[in-house]
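In order, the protein sequence lines correspond to chains A and B.
Start counting the first sequence at 1; every next residue gets the next number (this note's numbering).
Start counting the second sequence at 416; every next residue gets the next number (this note's numbering).
These are computed hints drawn from the structure, not numbers from a lab.
Virtual Cβ for every residue (Gly too), placed ideally from N, Cα, C.
Worth double-checking, as some hints may not be accurate.
[Said to hold, decoys possible] To give an idea of the interface, some chain A residues facing chain B are shown, with a C-beta separation under 7 Å as derived from the structure: (1) TRP96; (2) ASN100; (3) LYS393; (4) TYR396; (5) ASN400.
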Amino acid sequence: MVSFDVVAEAGEARRGQLQINDRTLETPHLFPVINFYGGGNEGALFGGGVHRTVKEFLAHDNEVTGGEDYSDLFHGVMTSISSLADYGIREKKLEWYLNNEIREWDCFSDYDGMIFADSGGYKILKQGGLEGKDFEKDIDQDKALDIQLALGPDIVVNLDHPIHPDDEFEERIEKMEQTAANAARFAERRDEVDGACYLTVHGYYEAMLERSFDLIEDELAEPIPEAFDGIALGSLVPRKDNVEVLVEAVSDCKREMQQRGYDELPLHVLGISGNAMPLLVAVGADTFDSASYLHQAINGKYCVNLFETVPIDEANFDSCECRVCNDDFHRARMRNEMEDLYQKDILGSVAAHNLAVQQRELRKFRQLIAEGDKERVAEYLEEAVKDQKGFRKFAYQLINERINPYFEETDTTYA
Amino acid sequence: MHKTPQVNEVNEFIEIASDFEDPLEVIREALSNSYDADATQVDINIEQDEEGRNTLVIEDDGHGMDEDDLSSFFDLGNSNKDDAIGYKGHGTKIYYKSDEIRVETVKDGTRIESVMNQPWAKLNNRELPTYSIEKTDTDEPSRTRIEVHGFRAGQGFDPQKLTYNKIEHYIKWKTIGGSTAWHFTDDFHRMDITVELSSTIDDTRDQIQTDNRLEFSPENRDPDGELVAEMMCKHYPPRELTVALDDGRELTIEVVGMVGGKEARNELPTYGKHSAQFGIWLAKDHIKVERYNDAIGADNEFFHFFFVANCQELELSANREKIRNKSGDVYQAITDELDRFMTKVCQDSWYQKYIERRKLEDKKRSIRSQESTLEERRQRTEEQGGLSPSNSAEVIAMLERYSANGAPETIKIADFQMDDEVNAILDTEGELENASLQVKLSDFFEDETPLNHIDRFVCWKLGDLDSLSQVERSPYMGKPIRFDFQENVIRYGGENPRTIPVLELAEKVS
Numbered sequence: 001m002v003s004f005d006v007v008a009e010a011g012e013a014r015r016g017q018l019q020i021n022d023r024t025l026e027t028p029h030l031f032p033v034i035n036f037y038g039g040g041n042e043g044a045l046f047g048g049g050v051h052r053t054v055k056e057f058l059a060h061d062n063e064v065t066g067g068e069d070y071s072d073l074f075h076g077v078m079t080s081i082s083s084l085a086d087y088g089i090r091e092k093k094l095e096w097y098l099n100n101e102i103r104e105w106d107c108f109s110d111y112d113g114m115i116f117a118d119s120g121g122y123k124i125l126k127q128g129g130l131e132g133k134d135f136e137k138d139i140d141q142d143k144a145l146d147i148q149l150a151l152g153p154d155i156v157v158n159l160d161h162p163i164h165p166d167d168e169f170e171e172r173i174e175k176m177e178q179t180a181a182n183a184a185r186f187a188e189r190r191d192e193v194d195g196a197c198y199l200t201v202h203g204y205y206e207a208m209l210e211r212s213f214d215l216i217e218d219e220l221a222e223p224i225p226e227a228f229d230g231i232a233l234g235s236l237v238p239r240k241d242n243v244e245v246l247v248e249a250v251s252d253c254k255r256e257m258q259q260r261g262y263d264e265l266p267l268h269v270l271g272i273s274g275n276a277m278p279l280l281v282a283v284g285a286d287t288f289d290s291a292s293y294l295h296q297a298i299n300g301k302y303c304v305n306l307f308e309t310v311p312i313d314e315a316n317f318d319s320c321e322c323r324v325c326n327d328d329f330h331r332a333r334m335r336n337e338m339e340d341l342y343q344k345d346i347l348g349s350v351a352a353h354n355l356a357v358q359q360r361e362l363r364k365f366r367q368l369i370a371e372g373d374k375e376r377v378a379e380y381l382e383e384a385v386k387d388q389k390g391f392r393k394f395a396y397q398l399i400n401e402r403i404n405p406y407f408e409e410t411d412t413t414y415a
Numbered sequence: 416m417h418k419t420p421q422v423n424e425v426n427e428f429i430e431i432a433s434d435f436e437d438p439l440e441v442i443r444e445a446l447s448n449s450y451d452a453d454a455t456q457v458d459i460n461i462e463q464d465e466e467g468r469n470t471l472v473i474e475d476d477g478h479g480m481d482e483d484d485l486s487s488f489f490d491l492g493n494s495n496k497d498d499a500i501g502y503k504g505h506g507t508k509i510y511y512k513s514d515e516i517r518v519e520t521v522k523d524g525t526r527i528e529s530v531m532n533q534p535w536a537k538l539n540n541r542e543l544p545t546y547s548i549e550k551t552d553t554d555e556p557s558r559t560r561i562e563v564h565g566f567r568a569g570q571g572f573d574p575q576k577l578t579y580n581k582i583e584h585y586i587k588w589k590t591i592g593g594s595t596a597w598h599f600t601d602d603f604h605r606m607d608i609t610v611e612l613s614s615t616i617d618d619t620r621d622q623i624q625t626d627n628r629l630e631f632s633p634e635n636r637d638p639d640g641e642l643v644a645e646m647m648c649k650h651y652p653p654r655e656l657t658v659a660l661d662d663g664r665e666l667t668i669e670v671v672g673m674v675g676g677k678e679a680r681n682e683l684p685t686y687g688k689h690s691a692q693f694g695i696w697l698a699k700d701h702i703k704v705e706r707y708n709d710a711i712g713a714d715n716e717f718f719h720f721f722f723v724a725n726c727q728e729l730e731l732s733a734n735r736e737k738i739r740n741k742s743g744d745v746y747q748a749i750t751d752e753l754d755r756f757m758t759k760v761c762q763d764s765w766y767q768k769y770i771e772r773r774k775l776e777d778k779k780r781s782i783r784s785q786e787s788t789l790e791e792r793r794q795r796t797e798e799q800g801g802l803s804p805s806n807s808a809e810v811i812a813m814l815e816r817y818s819a820n821g822a823p824e825t826i827k828i829a830d831f832q833m834d835d836e837v838n839a840i841l842d843t844e845g846e847l848e849n850a851s852l853q854v855k856l857s858d859f860f861e862d863e864t865p866l867n868h869i870d871r872f873v874c875w876k877l878g879d880l881d882s883l884s885q886v887e888r889s890p891y892m893g894k895p896i897r898f899d900f901q902e903n904v905i906r907y908g909g910e911n912p913r914t915i916p917v918l919e920l921a922e923k924v925s
């Protein structure tokens, strides 16, 4: 059973509840990317360095969490089938991994958040398939779905062929047609999925998105809302630093969805998080996924807020409200003041903090949307970008055009 | 033992009086003083006698001066005006640059007449000038009249340079006469201003009559017509921006302004070039001091904007031309908030449309100019009787024409890269050749381009044969070179030179 209910709106931002079987997710939500399988064995939570430490947070390993419960950071997580072979594993191990669904392993049996299994289109198509130490597997839509289903996911998405800003027109059309064909095949196997099926669309502006939707509709035997439970907007990662493009893409995708009557479906933005998130929520995005919290930690960066990072040794834990930073155990870890710490232990706590910062912003945003006052949303956005010189014009533009014009047409009389 | 530091009073007077650079600052100081005295009318008269001596007469209907006020008027740094423009007690010292100062003022039934003789001469003679005081009872209403005789103001008061237009623009741009206070404060009071110049200075018009309100050019948000963007103008209504400092203090910035095209801006009484006048002005007492155009950001051109941002927390230099507390947190907070405010203005949909319209009109102008250029080109083509290549694309066209019209060999362009040394790959009867296509062969050698990869030259004309002959006289890129135009080849190299054929099209294509 899958449902998505919008419980409050403020301007174009919406707060929703995504219900999949007996799990519920409050949106807007960020799915942190988790590599459940990192080459290791079950005793080591299948390994993966910092990835492993993050899994230990998710799986309540008290030695890593310091006894605190951090499950609120992981109400819904994203994992990609392309990451299965990241660590050069042998085919036998891959088969062993896929023998059990994620929650069937003892170590993850308590995990009750949603698992979004991505097809990993970008990486798989770039590599030409899934490649391990002693195997190479061509991946098509059917094979991708088989692997996704083997993970025991709550949400699955079709294998897509992401476009790139530098693609020639013909190249882009070919990719879109391939994605559309995959979507059609994916829809045929809809009944095998005990959860939500998301459809990927691609494009940076309205005409491109219109084509993406058209090609998919032409391939499908039934209307999109009957075959799919959500829309996932992809191909934005190469433009992740251009917030103007991101806002245009999400907002044009919403417009297409409205015009085609799928506005009740949740909209997921693939691979994007961080500073663009508030603006994308303000134009109607519901969920996000990203590994940026982890990559920042791996690069030694501690998030001060959605916009700024500092090297870990310059972090001021006192000015952070997150539970990680207010726990002496994690402070000691992040400062490398405990004995026998591995880098993954230090960086794992930093990653948890970085994720907490992003989740905190979305939590604030959910509360604001619940108040239903778009002006409060505008105030929040203004405050968030207050000191971000290069970024704030995009936020102001969005507020001015879509929430509350700064200079009303009638506001011209002088005192 | 304790010692008290001494002040050289004469030097200080000279220093402060000399700090005023623009002689018109005397008008600014007079207007500020009258405004501080709650005057509703101030009249300024400037005369010049035959010897070129200036006399300034300033009269206002303000609350006048008592003996203490008069002391402040003549003293240095002894203002009794706490919350006024002239709180420093520096401004009136500009009058010291004169031969005589006469003050006649009425306050609360007492008239005081005061005279200071030769203030500037005495100061320069290391002597502190004194002033007389004569008091009488009167039933006149309060007023003040100040006469400054022989004002030594330098070239600014030169009759050749002093005009009504110049003074009027100065008043509106640099003094309380160009105040934006009327948009904001409840305690604003209107003050009418007249300025009269003697006919020896400017007899071209009647006296200036204005008041202390700066008015923006009329709004013209969406004019009709084809090329009208320069006339467009929008007012941005007054806003009070509040900023909290780290120490808990709150600053208020009062900002008001307009955006407009050149024609709209020309309706303002500017005092200088547009590039030096427009943008974002920081102001104190609603009098503009310095611009802070960084607030507009690199994406936008500052001269479309005319905003005045007033903050009473700004600290000014003695002559009010500069902001002194730029390194402090107050200035930082003001400019940060202005950055934010102006970013919002730049996102305003009218502004975006204005910029779009400007671009569109620029394109239209460019098309018009192209049309006239096109006309000239057609005329030139007719005159020369057809194509005469002046660029490599036209050489290609000629080559195609040559091949299609019974040439001994069929040469086709297989590939073309405009800026490469081998700019063309030719398909000559199925064989690929690296070629250099040139309008004139001589151009190639003027650029000293290497010949290493060139199998053939195709040119419209050989060009400057003298310059080619000159090239032959010394090694070209280290090797001997010969142009053999009998055989239509270039021989390049020492003992066994390479032979590079040259196809000159002009002779072969009619």
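Closer than 7 Å between Cβ atoms is the bar; does ASN100/A clear it against chain B? Give me holds or violated. 53 Å, violated
Have a go at the ASN400/A hint: is there a Cβ in chain B nearer than 7 Å to its own Cβ? 5 Å, holds
Restraint outcome when TRP96/A is required to lie within 7 Å of chain B by C-beta distance: For TRP96/A, the interface hint is violated, since the closest Cβ of chain B sits about 55 Å away, which is over 7 Å.
Does the CB of LYS393/A sit less than 7 Å away from some CB of chain B? 5 Å, holds
Per the CB criterion, is TYR396/A less than 7 Å away from chain B? 5 Å, holds
This entry does not satisfy hints 1, 2, going by the numbered hints stated previously.
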